[in-house]
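Peer 1: Okay, here's what each chain looks like letter by letter:
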Amino acid sequence: MQQQENPGVRKSDSGKRMSRMLTSSYMNLHQKAKEDAFVVWIAIIVPAEIFLGFENVIYAVPESHAALSAGKGVGSLQSAKAEGMGYSMDLCSYARIDIGTAFDGGKDSPTFGLPRPHLLISNNNNCSLLVKWFDVYHREWEIPHFIMDVPFCYKPQKEKDLGYIMAQFRDLIKLIEKMSGQKFDIDRMRDGVAHTVEAVKQWKRFIGFAVHRPSGITAFDTFVQMAPFLTSRGTPELAEHYRLLADETAEKVTSGIFPVPNEKYRLIWDNIAPWHQLRKMSQRLAELKANIISASYTYCMGSLEGNFDPYEYDGADPLRYLARLQNFSVCPMGMELRSRAMRESIRRNAIDGAIFASNRSCKVYSVLQMDQQKRISEELGIPAVMIDFDHADDRKYSEAGTFLRIEALLENIERRRMEG
Amino acid sequence: MNHVNSIINKINRIKDSGEKVIGCFPLYPPLELFHSMDIIPVVLWGIDDVLAGVSESDKHLQNYVCSVARYLTEFVLTDGGRLLDGLFMYNACDTLRNLPEILECGLGEKDINVPLFNIHIPAMYTGQTDSSKYLQDEITGLVNKLEQEYGVSYSEKRFRESADLYREMRRLSLELDALASSGMIGFGDFSRIIHEGYVVPVDVQVESLKSWIKNCGSSPAGKKIPEDEHRVVVSGILPPPPSVCDIIEKSGFTVAGNDIASLYRSYRNHPEITGDAGKFYIDFYQNHFPCTTLLSTSDRRAKAIMNLIRERNARGFIFIGEKFCEYEYFEIPFIDKMLRNEGINTLLLEFSIDDNENIGGFGTRIESFAEVMSG
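Protein sequence lines correspond, in order, to chains H and F.
FYI, in the numbering used here the residues of the first sequence are 1 to 420.
FYI, in the numbering used here the residues of the second sequence are 1 to 375.
Treat each hint with caution, since some may be false.
[Unchecked claim] With a cut-off of at most 35 Å between alpha-carbon atoms, the simulated DSBU-like pairs for lysine-lysine come out as follows:
(1) Lys-374(H) with Lys-145(F)
(2) Lys-155(H) with Lys-323(F)
(3) Lys-396(H) with Lys-337(F)
(4) Lys-110(F) with Lys-374(H)
(5) Lys-133(F) with Lys-183(H)
(6) Lys-133(F) with Lys-178(H)
(7) Lys-155(H) with Lys-20(F)
[Claimed, not checked] Calculated Cβ distances over 10 Å to all of chain H for the following chain F residues:
(8) Tyr-150
(9) Ser-298
(10) Ile-353
Just so you know, these hints were derived from the structure itself, not from any lab.
Backbone N, C-alpha and C define an ideal beta-carbon position, used for all residues, glycine too.
All chains, full assembly: derive it from the sequences and hints.
Peer 2: Right, here's the structure in full:
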C-alpha cells in the first residue's frame with residue numbers, strides 16, 4: 001500500500017545530510033581563506049577537479065551562492081543593492097545577487113558571502129555573460145580574470161575544440177602554480193575525477209527513479225540536490241552522498257513512499273529552477289496531482305551533447321575527460337542537441353506534458369524555447385506550455401499567471417486522454 | 001517601409017549584377033574574405049528602425065530579446081531569406097548564438113534553405129593561451145566551406161585587393177567622422193550614411209563616402225561650432241534613432257565622437273594588409289577597437305573611451321542603451337563611475353523596441369542634460 005508523504009520538498013535524511021554538507025563547505029571556504037588558501041571564483045562549468053590537484057586551492061561558485069540566496073528568500077534584496085549601483089534590472093538575477101552581495105561585504109547572505117578571490121575563472125560556453133559578470137570584479141578589485149574560451153556546440157564537440165580547451169586547462173594550471181606558489185599534482189586531480197565519475201553515476205541512479213509510476217522523485221528534489229555537485233565536485237563525500245541519496249530513494253520506492261502518490265500528470269521542466277518558488281510550486285502541483293519528474297537543468301549533469309546517459313570516462317587522460325565535460329550542461333549546446341536529450345527524457349519517463357519556463361534572466365537557456373517547444377510538441381505529440389519567470393528574482397514572477405498556464409496544460413492532457 | 005524597400009532594392013541590385021550576397025551578424029565579420037571570394041557581404045545590423053513590426057520574429061523570440069535580434073530575425077524570415085545566398089555568424093552574446101538554429105527553423109517552415117556558416121572567434125585576454133592557430137584554422141575552414149558551397153576560390157592577391165578596399169572605406173569613414181565631430185554634418189545623417197554602407201558593395205560605399213566628404217567639405221553646414229561644454233560622445237551598440245539625433249543636436253550638442261559599435265568601433269582600426277587571411281584576422285580581432293561584444297577587448301575599453309573623449313575634447317557622454325543588451329549594460333556602471341571621476345557628465349538613455357515612436361521623454365532628458373552641462 002502506498003504511503004503518503006507531505007507533498008512538496010521533503011526534508012529527508014539526504015536532505016538533512018545535504019544541508020550539513022553545504023553548510024560545512026561554505027564554512028570551510030571561509031575558514032581556509034582565512035588560513036591563506038588560494039581562493040578562486042569559478043563559473044559552474046569550470047572543472048573544479050583541477051583545483052583538487054593543488055594542496056591548498058579552494059573555489060567558490062557565485063552562481064551557486066546566488067541560487068542559495070534566492071532559495072533562502074534574499075534574492076531580490078541583494079539584487080536591489082546591485083540595481084542601486086547602476087546594474088540594470090534586466091541583467092541576470094544571479095549576477096545582480098552576487099554583485100549586490102559582494103559589494104556589500106556579504107551582508108544578508110545565508111553564507112556570509114564568499115571569501116574574496118585571488119583569481120576569477122569564467123567561461124563562455126555555458127553562459128557568455130558570466131565573462132562580463134566576472135569582469136565587474138576584475139575591474140573593481142583588480143583581480144586577474146582567466147576566461148575559459150570554449151566554443152559553443154551546434155553539433156558534438158570537434159576534436160580541434162577539445163585540444164583548444166585542454167591547452168587552456170594546462171595554461172590555467174600554470175597560472176595557478178605561478179600565482180599560488182603551489183605545485184600541481186595530476187594524481188590528486190585524477191582522484192578527483194574518479195570521485196566525480198562515481199558521483200555522476202549515482203546521480204543518474206537517483207534521477208532514474210523518475211521512471212517509476214508514481215515517480216520516486218520530483219524535479220524539485222533534483223534542483224535542491226544538485227547544489228553539492230557545484231560546491232563539492234571531485235570529493236569522495238559527494239560520491240557517497242549521491243550513493244546514499246539513490247539508496248534512500250530506492251528504499252522509499254520499494255516501501256511505496258512517493259512524493260506525489262496520487263500522481264496523475266507527469267511533467268518535464270525546461271530551464272533553471274525557480275529557486276524562490278520550490279516549496280510553493282511543488283506543493284501546489286502536488287495538490288493538482290501533478291509532478292514535474294524531470295528537468296533539463298538536472299538530467300544533463302554528467303551527460304553530453306544530447307545524450308541522456310552519463311559520459312563514460314576511460315580512465316586515461318583526466319584533462320581530456322574534463323574538456324569533454326565542458327559540454328555536460330544544457331546551455332553550451334544548440335537546439336538540436338538539447339532537443340535530443342529532452343526527447344529521450346520524455347520517452348523514458350513517460351512524460352505527459354512539458355513546461356518551458358521562459359526565463360528573463362537566462363537568455364542562453366531561453367532564447368530558442370519557442371521553437372523547441374514547437375518541435376517537442378509536434379514530434380512527440382505531447383502538449384506543452386510556456387510560462388514566464390525569473391530563476392532568482394521573485395519580483396519577475398506571477399504565481400497566478402504561471403498556474404493559469406499549468407492548469408491549462410493539465411486540462412489539455414486530460415482532454416487528450418479522454419479523446420483516446 | 002521605405003528604408004526596408006531600400007535595403008531590399010540594394011540587395012536586389014547586387015544580385016542583379018550576378019553576385020552572391022551573404023547576410024552577416026554580428027558586427028565584425030570577415031568582410032574582406034567574402035568580398036575577395038566574389039560573395040558580397042551585407043551586415044544585418046541597424047535595421048531595427050526600418051521594419052513595420054516584428055510579427056514573424058514574435059513566433060520565435062520572446063519579447064525580452066533585444067530589438068537587434070528581433071529585427072534581424074524579422075528581416076531574414078520575411079524578405080531576407082529569399083534574397084540572401086547565405087548567412088554568416090560568429091560567436092557573440094547569449095541571444096545571438098541561438099539565432100542560427102532559430103533562423104533555420106523559421107526558414108525551414110517557409111521551405112527556404114539558406115546555407116549557414118559560423119566560426120568561433122577566440123575570446124580570451126592577452127597573455128592567456130595563444131589562440132592564433134585556432135583562429136587561423138577557423139578561417140581556413142570557412143574558406144573551404146565557401147569554396148565548396150559556392151564554387152569560388154580563394155586567392156591571396158584577391159584578398160589583398162579586398163583588404164585594400166576595406167581599409168580605404170574605414171579611412172574615409174574616419175574622415176567623415178571627423179567632419180561630423182566638427183559639426184560639418186549632422187550625426188543623424190552621418191550614422192545613416194555609414195549604416196547604408198552595410199548593405200552595398202564596398203566599392204559603392206567608398207564612392208558614397210568620397211561624395212559625402214566632398215559635399216561636407218564645400219558646405220560647412222553654415223552653423224557655428226558650439227562651445228566645448230556642449231561636445232558629447234555617444235556610446236552604444238547602435239546610434240540613437242534619427243529623431244533622437246535631431247533632439248541631441250537641437251539641444252545644442254555636437255556629437256564630437258562616438259563609441260558606437262556599428263560606427264567608430266567598426267572603422268577605427270584596420271590591420272596590416274597581407275595576403276594571408278588567417279594572419280589578417282588574427283590581427284583584426286586581437287587589435288580591434290574595444291567593443292563590449294568582443295570579450296577579449298574589455299580590458300582596453302575604459303582607456304580607449306577616455307582617449308576618445310580627450311582627443312575630441314568632449315565634456316559629456318551619452319550612453320545609448322539597447323534594452324536587454326547585457327554586454328553593454330554590465331559595463332555601464334563602471335564606465336559611468338570612471339567618467340564622473342574624470343569630471344565628464346553622463347546621461348543614460350534606454351531604447352527598447354517601441355521607443356522610436358515615443359521620443360518625447362527622451363527630449364526632456366536630453367534638454368535637462370544640456371542644462372546640467374551648461375552649468
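Peer 1: Evaluate each hint against the coordinates.
Peer 2: Results for each hint:
| no. | hint | result |
| --- | --- | --- |
| 1 | Lys-374(H) with Lys-145(F) | holds, 31 Å |
| 2 | Lys-155(H) with Lys-323(F) | holds, 31 Å |
| 3 | Lys-396(H) with Lys-337(F) | holds, 28 Å |
| 4 | Lys-110(F) with Lys-374(H) | holds, 15 Å |
| 5 | Lys-133(F) with Lys-183(H) | holds, 29 Å |
| 6 | Lys-133(F) with Lys-178(H) | holds, 25 Å |
| 7 | Lys-155(H) with Lys-20(F) | holds, 27 Å |
| 8 | Tyr-150 | holds, 21 Å |
| 9 | Ser-298 | violated, 5 Å |
| 10 | Ile-353 | holds, 13 Å |
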